[in-house]
Amino acid sequence: MHYRLFDHTADLGVEFFGSTREELFAHAALALFDLLVEAGEVRDTETREVRIDGTDGTDLFVNYLREILYLFNGEERVLTACRILRIDDRQVTAEIRSGRFDASRHRIRTEIKAVTYHLASVGKSPQGWTGRIIFDV
Amino acid sequence: MSEMKMTKLDENRWRIEPAGGMRVPGILYSSERLMRDMGNDESPQQVVNVAHLPGIVKYSLAMPDMHWGYGFPIGGVAAFDTATGVVSPGGVGYDINCGCRMMTTKLNADEIRKPLPDLVTALFQNIPSGIGSTGAIKLSQKEERKVLRDGAGWAVAQGYGTPEDLETTEDRGVMAGADPDKLSPRAMERGKAQLGTLGSGNHFLEIEVVEEIYDPTAAAAFGLEPGQVAVMIHSGSRGLGYQVCDDYLARMVKHMGELGLSLPDRQLACAYLDSQAGRDYLAAMACAANYAWANRQMLMHWTRETFEKALGKSPREIGMRLLYDVCHNIAKIETLPVDGIPRTLCVHRKGATRAYPPGHMAVPERYRKIGQPVLIPGDMGTGSYVLAGTDRAYRETFGSTCHGAGRLMSRAQATKMSKGRAVHRDMADRGVIVMASGRGTLREEIPEAYKNLEDVVEVVHRAGISKKVARLRSLGCIKG
Chain A
65 MHYRLFDHTA DLGVEFFGST REELFAHAAL ALFDLLVEAG EVRDTETREV RIDGTDGTDL
125 FVNYLREILY LFNGEERVLT ACRILRIDDR QVTAEIRSGR FDASRHRIRT EIKAVTYHLA
185 SVGKSPQGWT GRIIFDV
Chain B
10 MSEMKMTKLD ENRWRIEPAG GMRVPGILYS SERLMRDMGN DESPQQVVNV AHLPGIVKYS
70 LAMPDMHWGY GFPIGGVAAF DTATGVVSPG GVGYDINCGC RMMTTKLNAD EIRKPLPDLV
130 TALFQNIPSG IGSTGAIKLS QKEERKVLRD GAGWAVAQGY GTPEDLETTE DRGVMAGADP
190 DKLSPRAMER GKAQLGTLGS GNHFLEIEVV EEIYDPTAAA AFGLEPGQVA VMIHSGSRGL
250 GYQVCDDYLA RMVKHMGELG LSLPDRQLAC AYLDSQAGRD YLAAMACAAN YAWANRQMLM
310 HWTRETFEKA LGKSPREIGM RLLYDVCHNI AKIETLPVDG IPRTLCVHRK GATRAYPPGH
370 MAVPERYRKI GQPVLIPGDM GTGSYVLAGT DRAYRETFGS TCHGAGRLMS RAQATKMSKG
430 RAVHRDMADR GVIVMASGRG TLREEIPEAY KNLEDVVEVV HRAGISKKVA RLRSLGCIKG
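As they're listed, the protein sequences go chains A and B.
Following my numbering, the numbering of the first sequence begins with 65 at its first residue and continues without gaps.
Following my numbering, the numbering of the second sequence begins with 10 at its first residue and continues without gaps.
One should not assume that every hint holds.
[Stated by the list, open to error] Derived SDA-like pairs: lysine to any residue, alpha-carbon spacing no greater than 25 Å straight-line:
#, chain 1, residue 1, chain 2, residue 2
1, B, Lys425, A, Val101
2, B, Lys201, A, Gly77
3, B, Lys151, A, Val201
4, B, Lys155, A, Cys146
5, B, Lys201, B, Lys263
6, B, Lys263, A, Gly121
7, B, Lys123, B, Asp289
8, B, Lys428, A, Glu105
9, B, Lys425, A, His170
10, B, Lys155, B, Asp289
11, B, Lys151, B, Lys263
12, B, Lys428, A, Tyr134
13, B, Lys263, A, Asp153
14, B, Lys201, A, Gly121
15, B, Lys263, A, Gly118
16, B, Lys147, A, Asp98
[Stated by the list, open to error] Some chain B residues judged to face chain A by a derived CB distance under 8 Å, without partners named:
#, residue
17, Glu41
18, Glu198
19, Ser209
20, Lys263
21, Gly266
Hints were generated in silico from the structure; no laboratory data involved.
The beta carbon of each residue, even a glycine, is placed where N, CA and C say it ideally should be.
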């Protein structure tokens, strides 16, 4: 998995990585679900396209992860695949595949309640792209 | 960032001088020991950041349970001028109107010693808890809108409790100005099935015994006596409150760009109180506050039912009466004295409790001579304090005080530290029965993860911003 945890008193800090911005966004979505649930087989999958806006790169990353998190917190769905179709500083279009959360086969690892702006960042690093987010848990 | 200039004012207060873009100084309520324990916690820097917000009045405050939040520190209090100031969703927090209520009973601790394990099990079965827990009821859109407008009153009208309960709920369990049209479809959706649920994380329901009385007159007025059994409930507005905060944070970050306002932390995103975005947020926040009050009212009702059934006693014999219900994540329009002159302000309490003085009309009549009851829950298995509001809080801290023990360790640190330990056993050794839905919750919530509650309470007591009335010890606890 392309992420790493860092400590914050009340909450959970995560650093995400990707060699390109597309990869960073795709990895971050899957990493978020890796933190959320331990999912075996996921059934009843559906594919949808989401388009998210932001005022800049960081705002875009926060809004995008909010949308991904809502999939679980609002719709009780588990992400299984994510592909970035288009991305620039202010808009991202992603194709996401998900299935219903099933308490009998899936286990919740960490409850993640919200994506915060506190210390959030997205930027190019020598290795590629890095995004930092503190989640409210 | 420039070096912060902090000076000790007295035994209980530290002052941060205004520098850079700070509009007012910062004042921290703390003690030498708590300051030392805080280490490199970022909360003083967050007090500084809050001092940058437009229209902030007098000073940016932090209570002794302060710890690193996002945007505002947890334990932060700030008041804004209604004409020139702002409202910040991050200054209220995600769990809007997260709060506590305490119920007293006619039972003595000896009477429940034997049935206690069964009682805790019955509570665990009857009170929905845990991650994403859904309740016994599912609201129609029409009914949900009523909850959002009427708060605890809606629950009472449905038969969850009695009208008397409302008399001892802060603001009678309803915030004016709630407009369900200001909520997104997502917020409405998340509110449908979670009413009447405890939630997870630090939320809990605890059976406690009154262990020590500090102020006999106040304790008598609050109906507290040594050896008596009481119940504390800590819960909030669940997913609905989170969605309201999230929706408005996103809107306000956009709005800040349009206003050309630049702040040290985006999580502080705000809107002028006198603007459409500001008014919309307050109307939506009121809905979430009302949802939380209805939620705690229902949880209390099921607690009463469970006590009756598990102990085989009548409601009269148990006599479970609501002592008080306080919110500790909220922004409210209040009239408070500033340098002796009454002003209408928007007071943000982010992990802080209102602490109104004796004689104030907002204090229930039966407590008016004493001051508003302030409920301070501790960490798991420790117990709670009951305090009373004071004149000094009214004049000095915008009628506010601390809200709890305050985190010292991150959840990850706590989990690491508790590795290889049977937290259940540790609790049992202390004489506390604990039941939890989540596997990780107990580890994350070990007592060492929190500041010493006694230290926190001592500071607010010595500083005179609330006074100690009683201390309660934990007997049994259910957690999400």
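Run the structure past the numbered hints and jot down the numbers of the failing ones, going up. 2, 3, 4, 5, 7, 8, 11, 12, 14, 16 and 17
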